[in-house]
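2 protein chains.
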Amino acid sequence: MSSSRQFTGGEPPSPRVGRRPGKPGTREAIVAAARAAFAQEGYERASLRGIARRAHVDPALIHHYFDGKPDLFVEVLHLATDPRVIAARVKASGKGRGTDLVRAFLTMWERSRPDGRSRFVGLVEAVAASQQASDGLREFLNERVWSFVDEGSADTDQPALRHCFVASQLFGLAWTRYILRVEPFASAPVDELAGWVGPFVDRALDGTLPSST
Amino acid sequence: MSSSRQFTGGEPPSPRVGRRPGKPGTREAIVAAARAAFAQEGYERASLRGIARRAHVDPALIHHYFDGKPDLFVEVLHLATDPRVIAARVKASGKGRGTDLVRAFLTMWERSRPDGRSRFVGLVEAVAASQQASDGLREFLNERVWSFVDEGSADTDQPALRHCFVASQLFGLAWTRYILRVEPFASAPVDELAGWVGPFVDRALDGTLPSST
Numbered sequence: 001m002s003s004s005r006q007f008t009g010g011e012p013p014s015p016r017v018g019r020r021p022g023k024p025g026t027r028e029a030i031v032a033a034a035r036a037a038f039a040q041e042g043y044e045r046a047s048l049r050g051i052a053r054r055a056h057v058d059p060a061l062i063h064h065y066f067d068g069k070p071d072l073f074v075e076v077l078h079l080a081t082d083p084r085v086i087a088a089r090v091k092a093s094g095k096g097r098g099t100d101l102v103r104a105f106l107t108m109w110e111r112s113r114p115d116g117r118s119r120f121v122g123l124v125e126a127v128a129a130s131q132q133a134s135d136g137l138r139e140f141l142n143e144r145v146w147s148f149v150d151e152g153s154a155d156t157d158q159p160a161l162r163h164c165f166v167a168s169q170l171f172g173l174a175w176t177r178y179i180l181r182v183e184p185f186a187s188a189p190v191d192e193l194a195g196w197v198g199p200f201v202d203r204a205l206d207g208t209l210p211s212s213t
Numbered sequence: 001m002s003s004s005r006q007f008t009g010g011e012p013p014s015p016r017v018g019r020r021p022g023k024p025g026t027r028e029a030i031v032a033a034a035r036a037a038f039a040q041e042g043y044e045r046a047s048l049r050g051i052a053r054r055a056h057v058d059p060a061l062i063h064h065y066f067d068g069k070p071d072l073f074v075e076v077l078h079l080a081t082d083p084r085v086i087a088a089r090v091k092a093s094g095k096g097r098g099t100d101l102v103r104a105f106l107t108m109w110e111r112s113r114p115d116g117r118s119r120f121v122g123l124v125e126a127v128a129a130s131q132q133a134s135d136g137l138r139e140f141l142n143e144r145v146w147s148f149v150d151e152g153s154a155d156t157d158q159p160a161l162r163h164c165f166v167a168s169q170l171f172g173l174a175w176t177r178y179i180l181r182v183e184p185f186a187s188a189p190v191d192e193l194a195g196w197v198g199p200f201v202d203r204a205l206d207g208t209l210p211s212s213t
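Chains A and C are the protein sequences, given in the same order.
In terms of our numbering, the numbers along the first sequence are unbroken and rise by one, the last being 213.
In terms of our numbering, the numbers along the second sequence are unbroken and rise by one, the last being 213.
Be aware that one or more of the hints could be misleading.
Claimed, not checked - The following label-pair restraints were derived from C-beta to C-beta distances:
| # | chain 1 | residue 1 | chain 2 | residue 2 | range |
| --- | --- | --- | --- | --- | --- |
| 1 | C | T208 | A | R45 | 42 to 52 Å |
| 2 | C | H56 | A | R49 | 48 to 58 Å |
| 3 | C | G25 | A | V85 | 46 to 56 Å |
To be verified - Only some residues are given here: those of chain C computed to face chain A with a beta carbon under 8 Å:
| # | residue |
| --- | --- |
| 4 | A160 |
| 5 | L161 |
| 6 | H163 |
| 7 | C164 |
| 8 | A167 |
| 9 | W175 |
| 10 | I179 |
| 11 | E183 |
| 12 | P210 |
Keep in mind the hints are simulated off the structure, nothing from the lab.
Using N, Cα and C, we set each Cβ at its ideal position, and we do this for glycine too.
Isolated chain A, as found in the complex (with noise of 0.2 Å):
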């Protein structure tokens, strides 16, 4: 583990084979310089060249294992799949579609770790603990998420509302079924999760906005 913090990146790169190449100290130090990258200098000033420079390695060796500095910072954000597979499934499905984005976003913290209840506590530590943290899941949901939430809309009136209301029902349901623990959210299938919440989420897609001031 520790070599891999003597490794300067003199190597060419190899085929991508996949997440996991031969050289998991590499890509730890990747990921460990990238975490302290966004920590002090927040995700949109935190460049690849830099994370490449914390972790002694060259900056094309990132792409080897990245494919770029959103999916550096899902990875820093403990998140198991890539928020943008949630939103081009938001895109892709018409009615009801409230129902789909609740059952993929839990979806995402549940697959692969038994206990999906850490990898969400994961990312809300992180996020209570460094503005620029926070700063930074904002930046990303921004340029990353909401444009296809935007597209799968019929339509995009006050889309900024919208982005909000989704939010607030997306990470108020993770929060009470992961941090605090309320039966019957905690315990529930995703499938019933799903189907109770989706008509709130539907609500804050497509439903009347109150008239703003």
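Following the hints, put chain C in place on chain A, whose structure we already have.
Frame of chain A, contents of chain C only:
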């Protein structure tokens, strides 16, 4: 401050004159002891007697400063206003009480300290960091808040599910405003937010629920 640790509670409590009588160090020692007790033992198992022992004060002295365990827990969780005040407000109001509830909830985080954000961040950090703290918050809501919500409801079908909906709406709103700081939620006046989010809370409190499986 540190002298409070040497105070052994031999002095009889002076008459209650609000929250900050003569010995602020004693009060702070009690709060620090309560914080440790809730974190290590959880809200239910922590006792006022045990907290007094940790603080090196006579148990009776705790009642000089606090109404009891819920009051202490509220203090520990950085809440400015007792959630019971909010619950009473829900009970009191009839139609459109979702809007009132949102207004009271936001006011709780924003009054008397300019940065409402940091107070909610304190709660988030405590609850994310300690499963006992989140257990305590859930128990506290169970014991002291939900009953008011139920009493205020015209129809108490599936009360537990409504509690989840209400918790999700309010914590989602606070998360989006104070932590994620998405506009327009981040900067909107409380009254405007209440108008936006109130209808969602009304649905949580009194709306038709999907048939449960």
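Consistency of the hints with the structure:
1. T208/C - R45/A: 42 to 52 Å: holds (48 Å)
2. H56/C - R49/A: 48 to 58 Å: Hint holds: Cβ distance 56 Å, inside 48 to 58 Å.
3. G25/C - V85/A: 46 to 56 Å: Holds, at about 54 Å.
4. A160: holds (6 Å)
5. L161: holds (6 Å)
6. H163: holds (6 Å)
7. C164: This interface hint holds because 4 Å falls under the 8 Å limit.
8. A167: Hint on A167/C: holds, closest Cβ of chain A at ~5 Å, below 8 Å.
9. W175: holds (5 Å)
10. I179: holds (6 Å)
11. E183: holds (6 Å)
12. P210: holds (5 Å)
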